[in-house]
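Protein sequences, first through last, are from chains P and X. When we follow the working numbering, the leftmost residue of the first sequence carries the number 4, and every step to the right adds one. When we follow the working numbering, the leftmost residue of the second sequence carries the number 16, and every step to the right adds one.
Hints listed in this document are in silico derivations from the structure and should not be mistaken for laboratory results. Be careful, since some hints might not be right.
As the list claims (entries may be wrong) - Only pairs whose alpha carbons sit at most 25 Å apart, straight line, appear in this in silico DSS-like list of lysine-lysine:
id, chain 1, residue 1, chain 2, residue 2
1, X, K407, P, K87
2, X, K290, X, K230
3, X, K406, P, K105
4, P, K87, X, K230
Unchecked claim - Sample of chain X residues lacking proximity to chain P, with all beta carbon distances greater than 10 Å (derived):
id, residue
5, A376
6, R401
7, E426
8, Y429
9, A443
Unchecked claim - Some chain P residues close to chain X (C-beta under 7 Å, calculated; not the full set):
id, residue
10, S39
11, G45
12, I49
13, S90
14, A95
15, S99
16, K106
Note that beta-carbon positions come from the ideal geometry of N, C-alpha and C, so glycine has one too.
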Amino acid sequence: MKTPHILLVVAGLVGASGWVQAQSMDPLQVRSMAASCANCHGTHGIAEAGNESLAGVNKDELLKKMLDFKTGKKPATIMHQLSKGYSDEQLAALASYFSALKK
Amino acid sequence: MMQRRQFVQSVGAAGALGAMGLVTGCASTPGGKGPKVVVVGGGYGGATTAKYVRMWSDYGIDVTLVEPSAAFISCPLSNLVLGGSKTMADITTPYDNLVKRHGVRWVQDMAVRIDPDKRIVVLAKGGELPYDRLILSPGVDFMWDMLPGMATAGAKDKVLHGWKAGAQTAALRQQLEAMPDGGVFAMSIPLAPYRCPPGPYERACQVASYFSKAKPKSKVLILDANDDVTSKGPLFKKAWKDRYDGIIEYRPKHKVVDVDAATNTLKFEFNDDLKAAVLNVIPDMRAGDIAVKTGLATANKRWCEVDFLTFESIAVKNIHVLGDSIQIAPAMPKSGHMANQHGKTCAAAVVALLTGKQPNAMPIYNNACYSFVSAEDVVHVTSVHRYDADKKTMLPVAGAGGVSSAANELEGRYAMAWARNIWADTLA
């Protein structure tokens, strides 16, 4: 258990540059947030029959739809309730994430 | 001794570790190539975790899933088997895709003991599995000690719970089919928290739906230890009145303290004994046996407290617990949907920890739960849960979530779509 620790420290220092790109929303955080939509909209945004796929959908369309759910402008069975749990910034990050996935 | 977890985290703070192979040097697993994750339990929580650890490590982390069942059988929708509109085959999904598509190693066996110091899982058939990180998603087990009569020979085969989808679901359906018209089906509900809060009330609807068609003189008696319906109360009460008037009777504050299986009699804390044609006793529940035996059930020796950023046990390092076994956060239900969300949160954290990165500091996920009040019509409850860094727990987001305005057929179709999607997300 003891020797490999030294190797780990060195590896940690070498790898430092890749991790510093601090943005307002960490990509891995967005990935996890998006994965919580997969229960209904499929892994990687590709849904099984009966629900809409989100992968590859136009970013602006998707964001508008989620914001319209949130404000109540667009009626829904559950999305008007769930969209209220996310900030506009989080919804924008989700729209951006799903739009970049392959259909 | 320096804790390995702290060490890896401090490396993560200094910078990304990047190369997975270097972490292996730290693992005490002889002969292994990549870090080893063992997942115990192939339900909504465990199967999801197994798949997502593989996916999110770019298939670099070895994942072994320990699950004795031949296939996944869904608790959600299992009440429809009791109602007769679905079959066991409809709620069963094989584990093949986890193995073929995701390279999960499936060991069809039972975990009987864990040695947290040696970091090994001992299997019922005698083998041992070493791990760097262990994920326990064993679901619930029942507190039979609270119902002494159930220890009598044959009692558990006669008085069924039907609260783990599988053989008991099919057997309970058979009891309902064999019951003469005019009989009473009496179902007891334990004090919350228990797996699937709205489940018993949905079950009452499903059995009543079957009775209304096949045995119209029969009754459904709900004996609830709680003060009132614990989930979707107004919606269920409306369904019982509008659809099953004269069939369903609801009695709150009826806590079962014993069962006489020979005479089909329920005994209560404060009420008179009650005899029925078919008993369905849903016992009090706690974390799965393996979690309790390993000393992880830190809350009232019943549920496992975890760090909600990683689902790591607060009691034992390198062991993560998720799904129905955990001490839930405020307003967080014990549901399959939630276990799937736990699984993905835990998978991301475990991959991060094994590759020297920081786990996500702000998890946010949702719950959606559909209940069938007939074969077609459905009511739902939703919620969104976000990590609170000050309180170090998940809290419901104020203003989000809610329930259906009324039972409806459209949501029945969405409920089936939900099932297809979550089964695929968990297992395919």
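Each hint tested on the structure:
Note on K407 of chain X and K87 of chain P: the hinted pairing holds, with a Cα-Cα distance of about 22 Å set against a maximum of 25 Å. Between K290 of chain X and K230 of chain X the alpha-carbon distance is near 19 Å, which keeps this suggested pair within the 25 Å criterion. Distance check on the hinted pair: K406 of chain X and K105 of chain P sit about 38 Å apart at the alpha-carbon level, beyond 25 Å; violated. About 44 Å separates the Cα atoms of K87 of chain P and K230 of chain X, which puts this hinted pair outside 25 Å; it is violated.
A Cβ of chain P approaches the Cβ of A376 of chain X within 10 Å, the least distance being about 8 Å, so the stated non-interface status is violated. Distance check on R401 of chain X: its Cβ comes as close as 7 Å (rounded) to a Cβ of chain P, failing to clear the 10 Å threshold; non-interface status is violated. With 10 Å as the threshold on Cβ separation, the claim that E426 of chain X sits away from chain P is violated: the shortest Cβ distance comes to roughly 5 Å. For Y429 of chain X, the non-interface assignment is contradicted: its Cβ lies about 6 Å from the closest Cβ of chain P, within the 10 Å cut-off.
Taking the minimum C-beta to C-beta distance to chain P, about 8 Å, the non-interface status of A443 of chain X is violated against the 10 Å cut. Hint status for S39 of chain P relative to chain X: holds, with the closest Cβ pair at about 4 Å, below 7 Å. Of the supplied interface hints, the one on G45 of chain P holds, with its beta-carbon coming within about 6 Å of a beta-carbon of chain X, less than 7 Å. Checking I49 of chain P against chain X: minimum C-beta separation of about 9 Å lies over 7 Å; hint violated.
At a threshold of 7 Å, the smallest CB-CB gap from S90 of chain P to chain X is about 10 Å, leaving the interface hint violated. Hint status for A95 of chain P relative to chain X: violated, with the closest Cβ pair at about 14 Å, above 7 Å. Taking 7 Å as the C-beta cut-off, the interface hint given for S99 of chain P is violated, the closest approach to chain X being about 16 Å. With a cut of 7 Å, the hint placing K106 of chain P at the interface with chain X is violated, because the nearest CB-to-CB distance is about 16 Å.
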